[in-house]
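*Asks:* The lines below spell out each chain.
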Amino acid sequence: MQVYQPREDTRLLLTAALSDVRSGERVLEVGTGSGIIAAELAKTAHVVATDINPHAVAAARSLGVEVIRTDLFAGICGSFDLVIFNPPYLPTEARERIDDWLEYALDGGRSGRDVIECFARDVGRVLMPFGRVLFLISSLTGLYEVQQVFSDLGFTCFVVAKESLEGEVLYVLRVMRHLCPMRQPGA
Amino acid sequence: MRRNLMEILCCPVCKGDLELRVIEETEAEIMEGGLLCGHCGVEYGIHDGIPDLLPKT
Chain A
1 MQVYQPREDT RLLLTAALSD VRSGERVLEV GTGSGIIAAE LAKTAHVVAT
51 DINPHAVAAA RSLGVEVIRT DLFAGICGSF DLVIFNPPYL PTEARERIDD
101 WLEYALDGGR SGRDVIECFA RDVGRVLMPF GRVLFLISSL TGLYEVQQVF
151 SDLGFTCFVV AKESLEGEVL YVLRVMRHLC PMRQPGA
Chain B
1 MRRNLMEILC CPVCKGDLEL RVIEETEAEI MEGGLLCGHC GVEYGIHDGI
51 PDLLPKT
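So the protein lines, in turn, are chains A and B. Number 17 in this note's numbering belongs to position 17 of the first sequence; there are no gaps in the numbering. Number 4 in this note's numbering belongs to position 4 of the second sequence; there are no gaps in the numbering.
It is worth saying that the hints were derived from the structure and are not from the lab. For every residue, glycine included, the Cβ atom is placed at its ideal position computed from N, Cα and C. Misleading hints may appear alongside valid ones.
[As the list claims (entries may be wrong)] Between beta-carbon pairs, the in silico distance windows are: (1) B:K56 - A:Q5: 42 to 50 angstroms; (2) B:V22 - A:R110: 38 to 46 angstroms; (3) A:R7 - B:G16: 34 to 42 angstroms; (4) A:H46 - B:D17: 32 to 40 angstroms; (5) A:L106 - B:M6: 26 to 34 angstroms; (6) A:S62 - B:N4: 33 to 41 angstroms; (7) A:H46 - B:V22: 32 to 40 angstroms; (8) B:M6 - A:R95: 25 to 33 angstroms; (9) A:E145 - B:L54: 41 to 49 angstroms; (10) A:R125 - B:V22: 42 to 50 angstroms; (11) A:S151 - B:K56: 17 to 25 angstroms; (12) A:R125 - B:C40: 36 to 44 angstroms; (13) A:P54 - B:R2: 32 to 40 angstroms; (14) B:D17 - A:S164: 27 to 35 angstroms.
[Stated by the list, open to error] So these bits of chain B aren't anywhere near chain A, every CB distance computed over 10 angstroms: (15) P12; (16) R21; (17) T26; (18) E27; (19) C40; (20) E43; (21) P51.
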């Protein structure tokens, strides 16, 4: 099996996305995997999805998703109302790597935040001024640390859904640009 | 891929515009073709309806 199959995290993110998306919005799902979230959202919105895994893009296309093979949003230049991402978020040591496509969907580097940090640095490029990001992490990824990554880059970041599993808690975070940054009086 | 997807595609390296080359097209979409970045001098493929925008290293 070469494609990450829908699990608790997928369902939690899908539920959050369905309650957030508005009809006719432009949605980008990054790292779509099986394509199930993109396919569901495409019933109400204009959805485009990406994945780096050739098996995942084929799976998503078979669900009727408009899909592009690229790394995160490297080959995407539009602006979207909503960006969805279920990233590789598990802390992974080099000796644990088995180097296949399925692991690519899970491996967040030593901290679990490597891919999330790359995503955070560049997501503003594909986000409308009032655009939102919904993405999923685990308590193993470090909730405070992830929120810090986004706030350092000028975003606000809130937990909008959570679910306890054995040994970890899943969180869906909603990120927006910080539109009213704190200013010094007179500045 | 549908033709209107061109509006949101760019070169994954320089972020420049891409030029579409169609080899096989159905009524709905482009099945086989290429996406040329003139700036980088690289052509990315479209296969089975899926654009492949991974950098060619």
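*Asks:* Confirm or reject each hint.
*Replies:* How the hints compare with the structure:
Separation of K56 of chain B from Q5 of chain A is about 30 angstroms and departs from the stated range, judged on CB atoms against 42 to 50 angstroms. At about 44 angstroms, the CB distance of V22 of chain B to R110 of chain A agrees with the hint of 38 to 46 angstroms. For the hinted restraint 34 to 42 angstroms between R7 of chain A and G16 of chain B, the CB-CB distance of approximately 38 angstroms keeps it satisfied. For the pair H46 of chain A and D17 of chain B, the supplied restraint of 32 to 40 angstroms is violated, since their beta-carbon distance comes to about 21 angstroms.
Here the CB-CB span from L106 of chain A to M6 of chain B is close to 33 angstroms, well matched to the stated 26 to 34 angstroms. One distance hint, 33 to 41 angstroms for the beta-carbon pair S62 of chain A and N4 of chain B, is violated here, with the actual separation near 21 angstroms. At about 23 angstroms, the beta-carbon gap between H46 of chain A and V22 of chain B misses the expected band of 32 to 40 angstroms. The supplied range of 25 to 33 angstroms is broken by M6 of chain B and R95 of chain A, whose beta-carbon atoms lie about 44 angstroms from each other.
Range check, E145 of chain A to L54 of chain B: Cβ separation about 29 angstroms, and the 41 to 49 angstroms hint is violated. Range check, R125 of chain A to V22 of chain B: Cβ separation about 28 angstroms, and the 42 to 50 angstroms hint is violated. The beta-carbon spacing between S151 of chain A and K56 of chain B, approximately 36 angstroms, falls outside the hinted interval of 17 to 25 angstroms. Range check, R125 of chain A to C40 of chain B: about 18 angstroms between beta-carbon atoms, so the 36 to 44 angstroms window is missed.
Look at P54 of chain A against R2 of chain B: about 20 angstroms separates their beta carbons, and that is not inside 32 to 40 angstroms. A beta carbon spacing of about 47 angstroms between D17 of chain B and S164 of chain A contradicts the range 27 to 35 angstroms that was offered as a hint. Listed as a non-interface residue, P12 of chain B fails to keep its Cβ farther than 10 angstroms from every Cβ of chain A; the least gap is roughly 4 angstroms. Distance check for R21 of chain B against chain A: the nearest CB is about 16 angstroms away, which clears 10 angstroms, and the non-interface claim stands.
Once the 10 angstroms rule is applied to beta carbons, T26 of chain B is consistent with being away from chain A; the minimum gap is 14 angstroms. Taking the minimum C-beta to C-beta distance to chain A, about 16 angstroms, the non-interface status of E27 of chain B holds against the 10 angstroms cut. With 10 angstroms as the threshold on Cβ separation, the claim that C40 of chain B sits away from chain A holds: the shortest Cβ distance comes to roughly 12 angstroms. At the 10 angstroms boundary, the C-beta of E43 of chain B stays outside the reach of chain A, the nearest C-beta of that chain being 13 angstroms off.
Not every beta carbon of chain A lies more than 10 angstroms from that of P51 of chain B, the smallest distance being close to 5 angstroms; the non-interface claim is violated.
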